[in-house]
Amino acid sequence: MARAVTTRRKVITTAAAWAIGLLIFFPIYWTILTSFKTEAQAINDPPLFFAFNWTLENYAIVQERSDYMRFLWNSVILAGGSTVLGILVAVPAAWSMAFVPSKRTKDILLWMLSTKMLPAVGVLYPISLLFVQFNLLDTRIGLVMVLMLINLPIIVWMLYTYFKEIPGEILEAARMDGATLKEEILYILTPMAVPGIASTILLNFILAWNEAFWTLNLTAAQSAPLTAFIASYSSPEGLFFAKLSAASTMAIAPILILGWFSQKQLVRGLTFGAVK
Amino acid sequence: MGQITLNQVTKSFGDVEVITPLDLTIEDGEFAVFVGPSGCGKSTLLRLIAGLEDVTSGAINIDGKNATNVPPAKRGLAMVFQSYALYPHMSVRKNIAFPLRMAGLDKAEQNRRVEQAAAVLNLTDYLDRRPGQLSGGQRQRVAIGRAIVREPAAFLFDEPLSNLDAALRVGMRLEISELHKRLNTTMIYVTHDQVEAMTMADKIVVLNAGHIEQVGSPLDLYRAPRNLFVAGFIGSPKMNFIEGAEAEKLGAHTIGIRPEHIAVSESDGPWSGVVGVSEHLGSDTFFHVHDTGLADTIAVRADGEVGFRHGDRIHMTPRADVIHKFDAQGMRLP
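One line per chain: the protein sequences are E and P, in this order. Here our numbering is used: the first residue of the first sequence is 64, the next is one more, and so on. Here our numbering is used: the first residue of the second sequence is 13, the next is one more, and so on.
A portion of the hints provided could be inaccurate.
PhoX-like mimics (lysine-lysine), calculated; alpha carbons at most 20 Å apart, straight line [as the list claims (entries may be wrong)]:
1. E:LYS245 - P:LYS106
2. E:LYS227 - E:LYS166
3. E:LYS227 - E:LYS245
4. P:LYS193 - E:LYS245
Treat the hints as calculated values from the structure; they're not laboratory data.
Construct the complete structure from the given sequences, taking the supplied hints into account.
Set out below in structure tokens:
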């Protein structure tokens, strides 16, 4: 009897999980599907699911009209640069919070996270002014800095929870063994936290890759990443769904593939601390 | 060389003073054991000596030099932690070599010393394994190996055996004692286990609530405990304490008699009581005797062949020459 209930429950939860998964995946699936339709088919009513003439035309046109590689390269630089910079700042920060906490460490962590609660547009004006002042508009270096800063609270927090798991005695042993602070972080802490640091890097890379508010507002042509590439195909009339979908697919493909290959790391990173 | 001197050392965490002003000298080559109940400050004291905690006031001298503000690595001490604290991502070889690598020794010298330490500790076959692939006892030996390669002025052990099972613990206890005989280096060993303290130490430091109750050789402490706390802490089973008329007869507030110093008999003896629990160890039998009119329970250690049962009325005779006398403050009377 108990077994039957368990099986039924399993079936229900599995079905529910699949339903939610498909629901979440549907927009991506629809985007990819639409990118292979003609413009007319893309806005067909009722919507076409499979029975249409598959075409690569949109991809050809998008390639022709805009320099995909330049946007891609900018995305790689912005996401990669901000991630590297962020990790360099976040590792020592998380180290000090995890292993030399003060009375206010928890408050600082919360305060850092609270900056993420502010809508980005709230600081658009001051940041734009700063960009103008320092000639950073439409430069990669400026955006790298901004992307690094907006994601910093999250990666410090993530690394902090990882470092908390490392027994302090091991670091003390390193100190007794003559390691300097730098050697302690480099030879002991970092190698032990590799899984955590890897998922943090990955998450930060994805967040920076997908970041659209700042990358759209602070760039024009020179440093525009793939988000701007997509945006350039959205027209107010909404007439070019197929091409927009093709551009979107091209923009999300690299990160989707990266995410696919590293999903194990990512899931562990995102659920860390939740399941012990 | 490894004489360690503590001079009026105190330690507070916030408003809580965990070490009250404390003086202590550990001679070069001595095996000193800090023992006491949990929370007595023994591990804190060890960490102060190691430099992992800063003293609140007072001074620590190592080999006559003031080391109070010297960072841990520069004090020339090596520490073995309760949790072993091995580097899980490194092989045994790299674990043991780590302090040498930090000291900047060349590869050949590192290898020579690692091999030497591994031979001493029977780890030669395990050098290329990771700590995760070793048993508890082997891990503890790696931790000791990591300590001995540095040829430190003194070794600090923080409850190194408490994660091991009973049989291994006895084996490792002997190994550490033998290591001390061979290296003749100062060792400071923290434990809450008075058997470890008694069997290993040259000098036992009994700590309680952040201060030293008594310092002495194991037999000094056993024979002449300075107060009730030490009397009750050293020796197993615990010393029996008797107050009231029986104590006053000897001019004391409290008298103490160890279980092994009481003879039992069916019919003869000044004290009598009813046997409660009896614990048969084979070699010895411990009787817990009730209804004596002296104390709640009197523990008696008798020969393994003595066969009283639960509920038997027995008679007991304390050995007069080893009765300990204490005053109302709990201090030893001559």
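We went through each hint and held it up to the structure:
1. E:LYS245 - P:LYS106: Holds, at roughly 18 Å.
2. E:LYS227 - E:LYS166: 16 Å, holds
3. E:LYS227 - E:LYS245: 18 Å, holds
4. P:LYS193 - E:LYS245: 37 Å, violated
In summary, the structure is inconsistent with hint 4 from the numbered list given earlier, while agreeing with all the others.
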